[in-house]
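Let's have the full structure, built from the sequences with the hints guiding it.
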Amino acid sequence: MNRLVHGEDGRDWVVRAQMEWRAPATADDFEHDVAGSYGPGIAMIAVTSLLAIVLIMWTPADVMIPSWVPLALLLIALFFPLRWILRRPWTVVAETEGDLAGDRPSERWVGTIRGMFTVRGEVSKITKTIQKHSLPDFDGPLHPVE
Numbered sequence: 002m003n004r005l006v007h008g009e010d011g012r013d014w015v016v017r018a019q020m021e022w023r024a025p026a027t028a029d030d031f032e033h034d035v036a037g038s039y040g041p042g043i044a045m046i047a048v049t050s051l052l053a054i055v056l057i058m059w060t061p062a063d064v065m066i067p068s069w070v071p072l073a074l075l076l077i078a079l080f081f082p083l084r085w086i087l088r089r090p091w092t093v094v095a096e097t098e099g100d101l102a103g104d105r106p107s108e109r110w111v112g113t114i115r116g117m118f119t120v121r122g123e124v125s126k127i128t129k130t131i132q133k134h135s136l137p138d139f140d141g142p143l144h145p146v147e
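Here our numbering is used: position 94 in the sequence shown is 95, and no number is missing along the way.
Everything labelled a hint here was simulated from the structure, so no lab data went into it.
There may be inaccurate statements among the hints.
The calculated label-pair distances, taken between Cβ atoms and stated as ranges, are [to be verified]:
#1 V111 - G40: 30 to 40 Å
#2 L79 - H7: 13 to 23 Å
#3 R23 - S68: 21 to 31 Å
#4 I66 - M117: 28 to 38 Å
#5 P82 - G11: 21 to 31 Å
#6 L79 - G11: 23 to 33 Å
#7 F139 - L56: 11 to 21 Å
#8 V146 - I43: 30 to 40 Å
#9 P145 - S68: 40 to 50 Å
Just so you know, even glycine gets a beta-carbon here, dropped at the ideal spot from N, CA and C.
The following block contains the structure:
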């Protein structure tokens with residue numbers, strides 16, 4: 002997601018957002034950043050699949066299963082993967098190269114926003130703030146970077 006924004010002071014800002022597949026490491030998350038491996042997750046998927054196959058194989062032929070039951074089971078199985086995808090962190094960057102006269106320096110603001118729908122709203126707020134005040138909001142999710 003890239004947007005070109007014209008600030009009130011004449012500078013052109015580029016606001017871009019990119020989804021991160023891994024959560025960015027911060028000082029607060031240092032002790033929890035030590036992940037073992039994907040082994041336990043793979044083992045749980047294998048055990049759940051095995052139990053589902055056994056349940057289907059042992060079901061007697063004369064049992065009538067309502068048509069909404071498989072759909073409900075599918076929705077339950079897809080809940081956490083969909084939630085994981087929709088709540089991924091996004092890195093948002095707003096940067097400018099300054100103005101042509103050299104009166105205003107180049108700037109770079111970076112922040113992390115969690116959630117696909119939240120990031121759209123925040124990027125819209127950031128672009129409106131840049132158009133009005135020529136800078137992102139200091140109280141917003143972006144912070145200046147040297």
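- Broken hints, numbered, in rising order? 2, 3, 5, 6, 7, 9
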